[in-house]
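Protein chains in written order, with my numbering: chain A, 1 to 220; chain B, 221 to 820.
For the record, the hints were derived by calculation from the structure and aren't laboratory data. Any given hint might turn out to be false.
To be verified - DSS-like, lysine-lysine: derived pairs with alpha carbons at most 25 Å apart: (1) B/374 / B/322; (2) A/161 / B/326; (3) B/326 / A/174; (4) A/161 / B/383; (5) B/251 / B/463.
As the list claims (entries may be wrong) - Not the full set, but computed from the structure, chain A residues with beta-carbon under 8 Å of chain B: (6) 68; (7) 70; (8) 73; (9) 121; (10) 130; (11) 159; (12) 168; (13) 198; (14) 202.
Cβ coordinates follow ideal geometry from the N, Cα and C atoms, glycine included.
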Amino acid sequence: MINRTTARLMAICVACVATTAMAQTAVAQDNTTPPAQAGAGAAAATSGNAPVAAPAGDAPVVKAEGGKLVLPNGQDMTPDHMENGRWYNSEGIPTFKTAEDGTIDYATFSGYRRYSAECHVCHGPDGEGSTYAPALKNSVLTMDYYQFQEIVASGKQEVSKANNLVMPAFGTNKNVWCYIDDIYVYLLARGAGDLPRGRPAKKEAKSDDFTTQENSCMEG
Amino acid sequence: MKRLLQGATMALLLSGSSVLANDSVLAEVGKPGQWAIQTGDYANTRYSTLDSINKDNVKDMRVAWTFSTGVLRGHEGSPLVIGDVMYVHTPFPNNIFALDLKDGGKILWRYEPQQDPNVIAVMCCDTVSRGPAYADGMIIFHQADTTLIALDAKTGELKWSVKTGDPAIGETNTATVMPVKDKVIVGVSGGEYGVRGRVTAYNLADGKEVWKAYSTGPDAEMLVDPEKTMVLGKPIGADSSLKSWEGDQWKIGGGTTWGWYSYDPELNLVYYGTGNPSTWNPAQRPGDNKWSMTIMARDADTGMAKWFYQMTPHDEWDFDGVNEMILTNQAIDGTERKLLTHFDRNGLGYTLDRESGELLVAQKYDPAVNWTTGVDMDPNSETFGRPAVVAQYSTEQNGEDTNSTGICPAALGTKDQQPAAFSPKTNLFYVPTNHVCMDYEPFRVAYTAGQPYVGATLSMYPAPNSHGGMGNFIAWDNTKGEIKWSLPEQFSVWSGALATAGDIVFYGTLEGYLKAVDAETGKELYKFKTPSGIIGNVMTYESGGKQYVAVLSGVGGWAGIGLAAGLTNPNEGLGAVGGYAALSQYTELGGQLTVFELPG
């Protein structure tokens with residue numbers, strides 16, 4: 001199911017232009033940012049006043065209700081079932097899973113690797129943000145999975161005299177798009193505070209299902 | 221004393237004594253009160269003979285005036301000064317302001333190009349620009365979107381413009397240009413997008429292309445003569461680049477040219493270095509990947525290669541070879557030589573004979589460097605000129621999907637583009653450095669035109685078992701390959717240095733300090749905190765008979781990406797995470813010029 005959604009989004013966004021994506025994301029509700037910045041999605045977290053990530057050790061942003069993982073936007077991200085080597089919540093949205101000893105699922109580790117290769121040169125190490133690009137570990141807590149996908153696929157621009165924020169469209173880049181769910185769950189794990197900075201120390205082995213799906217995407 | 225005189229002779233030779241056809245740039249660079257090209261002089265010494273601000277009075281220095289550029293991104297490069305006019309540039313959108321120094325910095329004209337913001341999406345590391353150059357009454361500037369423009373220096377009127385690259389396939393520009401005689405020489409960025417690097421010369425008069433020399437590919441396209449182009453004393457041979465790649469990989473093989481350019485008017489040679497081979501995954505591109513990571517010497521008129529030296533064959537760490545080549549005349553072992561000194565990203569300081577390309581010195585300029593045990597200096601050896609790679613730190617030998625840990629330096633190098641300075645009075649080089657190490661894990665990537673083509677994950681942290689900071693500012697003896705002194709800095713020193721006849725050296729820090737230190741001892745003599753982190757280069761000029769020192773503030777660039785949130789050391793356990801200083805605790809985005817003077 002998820003694969004189908006991904007494929008559809010990809011098809012849409014190969015054709016759409018960045019401005020359309022902006023218009024779409026502008027509808028997004030963002031309770032933590034003032035109206036002038038609301039809906040700026042990924043860039044909202046830093047487009048105005050806080051270009052640099054807050055230091056580590058902030059107050060937790062994720063509610064734990066009876067062991068459940070609930071985002072500030074109300075989305076329940078508790079892992080429910082595994083499919084093709086990746087974890088999903090009860091609504092079929094990708095999520096991460098951490099064992100009691102801190103071992104993370106393989107997709108989250110894969111997301112760490114791809115994030116660090118493809119996103120890090122603007123968004124800084126560990127989803128922490130740079131001087132000009134937002135801390136995505138925070139962005140994923142306030143936008144939903146579909147908004148995240150749209151922005152990554154189509155890109156996004158906020159251009160002003162003082163500062164030009166431009167996010168490329170990655171919809172046709174297999175190095176990103178074949179791992180988009182992995183990057184999402186990695187950032188989610190970072191934002192939820194379940195995953196410390198740096199390279200994840202312990203991870204599950206890569207499953208055959210994961211490998212099959214990865215190969216078919218990269219070679220397809 | 222002899223040394224001192226030799227140094228002084230060098231400065232004269234390279235700054236205005238020889239008379240060549242159309243050498244207006246030499247004449248402008250030769251005026252000590254001006255700053256006509258970004259590097260100060262063709263030799264890239266970043267040395268000024270101005271000495272009214274000196275080591276005895278610099279402690280009294282104060283801010284004379286300031287100017288806000290209106291742009292809040294990483295500000296690299298420096299202003300130019302020609303006569304009584306200062307030219308200030310900004311990062312994307314690449315505005316240029318002409319300021320009247322006789323009228324309180326009044327804006328005489330401004331140039332505000334309309335560039336497609338989509339260009340930003342293919343700039344790897346912030347929207348920096350290392351500024352314009354002055355030649356023949358024109359301001360020559362290479363914009364981010366690879367439009368090369370010539371503006372009338374008096375009016376700002378566009379005289380000509382030419383497109384040098386294609387952002388749709390990841391070709392952009394961050395570098396300055398170098399005007400030489402009747403031409404202007406430009407490079408290209410995009411090593412993280414599989415761009416094929418090259419250097420191109422255009423006519424100063426009308427912007428017509430004169431010659432183009434690729435870093436990779438067939439000999440004819442590289443402007444290489446198989447018999448006459450030399451590599452470590454031997455002819456380069458036929459198809460040297462093609463033989464060092466698998467199949468057609470050289471076409472997307474990088475070797476971009478986004479660093480600095482220098483020029484020796486007597487030898488008529490242009491010098492520069494080429495960048496990393498694409499991708500960052502070495503297993504995906506077997507061979508030496510020539511001529512990425514190479515120092516190149518080319519004839520300024522024809523572009524024909526005189527000699528090459530590849531510093532890091534088959535790069536495994538992203539150690540671009542683009543840093544500046546500093547040209548000096550000094551004695552080595554009692555013999556006067558025409559030298560080229562280069563502080564490479566790979567952590568080695570090289571001294572070569574710039575006429576022949578002979579390798580004279582290759583030594584680590586940060587003791588933390590560990591990926592190599594050193595360069596083979598035996599001309600009779602099979603591996604002459606090659607660095608010996610330590611297996612433990614070889615991301616090629618450890619293989620794809622393996623995390624190689626504790627590699628020093630990190631990918632940003634012991635030094636990046638931030639240029640060093642040379643004082644002929646001390647015969648020392650003053651070098652801003654990074655003191656950062658990394659873990660590096662390469663993996664397979666697919667190439668898509670205009671999309672990042674990286675293929676490695678890396679995490680960076682301050683050099684272990686050291687002072688805990690991420691930078692040093694050092695003084696270097698290039699004839700011996702020795703550090704004379706080293707000043708620890710909390711952050712990487714990402715600002716270009718300036719040495720002056722006042723026996724002081726200036727540099728900026730990422731926290732935003734402009735610092736002045738004693739050229740002999742390194743003793744700190746002055747510091748002032750500017751509004752934002754400094755990644756620009758310090759310059760000096762004279763106006764109305766008075767010396768000024770100027771620097772751009774505006775944190776960003778690679779430093780703004782890697783250091784904004786602070787670095788972590790995964791090898792020190794969870795307790796240390798976030799324990800290192802974050803740049804965000806010290807500074808914010810900015811875009812400001814600060815000009816300093818002595819009271820009175």
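Status of the hints after comparison with the structure:
1. Pair hint residue 374 of chain B plus residue 322 of chain B holds up; C-alpha atoms about 15 Å apart against a cutoff of 25 Å.
2. Our distance criterion of 25 Å between C-alpha atoms is met by residue 161 of chain A and residue 326 of chain B, whose separation comes to about 20 Å.
3. For the suggested pair residue 326 of chain B and residue 174 of chain A, the alpha carbons sit about 51 Å apart, so the restraint of at most 25 Å is broken.
4. About 24 Å separates the Cα atoms of residue 161 of chain A and residue 383 of chain B, which keeps this hinted pair within 25 Å; it holds.
5. Of the pairs offered as hints, the one joining residue 251 of chain B and residue 463 of chain B is violated, with about 47 Å between alpha carbons and a cut-off of 25 Å exceeded.
6. Annotation: residue 68 of chain A was flagged as interfacial toward chain B, and the flag is violated, the nearest CB pair being 25 Å apart, outside 8 Å.
7. Using the Cβ-Cβ criterion of 8 Å, the hint placing residue 70 of chain A at the interface with chain B is not satisfied: the shortest such distance is roughly 25 Å.
8. Hint on residue 73 of chain A is violated. Least Cβ distance to chain B is approximately 23 Å, over the 8 Å limit.
9. The restraint placing residue 121 of chain A at the interface with chain B holds, with a minimum CB-CB distance near 5 Å, inside the 8 Å limit.
10. At its closest, the beta carbon of residue 130 of chain A sits 4 Å from a beta carbon of chain B; the interface hint therefore holds under the 8 Å criterion.
11. At its closest, the beta carbon of residue 159 of chain A sits 5 Å from a beta carbon of chain B; the interface hint therefore holds under the 8 Å criterion.
12. For the restraint placing residue 168 of chain A at the interface with chain B, the shortest Cβ-Cβ distance is roughly 4 Å, inside the 8 Å limit, so the hint holds.
13. About 4 Å separates the beta-carbon of residue 198 of chain A from the nearest beta-carbon of chain B, less than 8 Å, and the hint is met.
14. With its C-beta approaching chain B no nearer than about 12 Å, residue 202 of chain A sits outside the 8 Å limit, and its interface hint is violated.
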